[in-house]
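Per the numbering used here, residue 112 is the first one in the sequence shown, and the count goes up by one each step.
What you were told as hints is all true, and nothing was included just to trick you.
Cβ-Cβ distance ranges computed for the label pairs, FRET-style:
1. A279 x R205: 26 to 32 Å
2. R191 x A230: 16 to 22 Å
3. T309 x D146: 27 to 33 Å
4. T171 x E263: 26 to 32 Å
5. G319 x R141: 26 to 32 Å
These are computed hints drawn from the structure, not numbers from a lab. Every residue, glycine too, gets a C-beta built ideally from N, C-alpha and C.
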Amino acid sequence: MTRVYAIGDIHGHLDKLARAHALIAADRHRTGDADAPVVHLGDLVDRGPESAEVIDYLVTGPVRPGTWITIRGNHDHLFRLFLADPAARDPVLRPDLTWLDPRIGGVATLESYGIHEPASRKTADLQAEALARIPAAHLAFLDGARSFVAMEGVFLAHAGIRPGTPLARQDPTDLMWILLHFLQVTGDHGALIVHGHTPEGEVPRHFGNRLSVDTGAAYGGPLSAVVIKVVAV
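Start from the sequences, fold in the hints, and give me the full structure.
Shown next as structure tokens:
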């Protein structure tokens with residue numbers, strides 16, 4: 112039997128992330144399982160005040176034995192897309208929204224990197240200053256995030272999966288964005304799907320076929336962590 116920890120959507124809250132890691136460290140010490148991996152389910156950035164600090168914390172990595180893994184969330188993807196081309200759009204994002212819209216929260220991310228008054232400036236200027244300010248290690252970290260993590264009987268992704276599609280053939284876009292097509296399905300997915308993306312309360316919720324870990328840190332709620340025991344068969 113092995114164990115894996117999963118942390119829900121962080122959204123620029125370093126204090127909540129540090130507390131989650133402290134709880135995990137205490138549980139590792141209690142169980143003696145120092146090598147159990149910690150999976151961050153994505154949406155590291157946007158809305159909260161410390162996106163830059165969150166990424167810097169994760170880039171630094173664990174100070175004790177163990178592995179940290181990061182999955183790419185849709186907000187992390189939109190951030191990286193803006194840095195590559197501020198005019199580019201993800202086709203899944205509603206046409207009336209951009210990454211800089213207050214409902215998405217990109218402005219808070221830019222402010223965390225010391226960019227002043229981003230809401231009133233041209234996007235091309237913002238991109239140029241962002242690229243000058245954001246450390247190359249942060250860009251590499253975002254680029255290196257995974258689409259999913261698969262273990263025996265457990266599949267971890269940011270938003271969920273496309274029901275009916277084999278887990279090995281899931282579209283990375285679905286893994287970042289999917290909503291009702293996944294959330295409304297009650298049947299077996301072939302593994303327990305551990306995901307964030309959609310807050311469904313202030314505590315993680317287990318629905319039998321999926322485990323929802325986003326508890327609304329982006330909106331003033333807590334940041335949750337879970338431990339999953341993986342039994343080889």
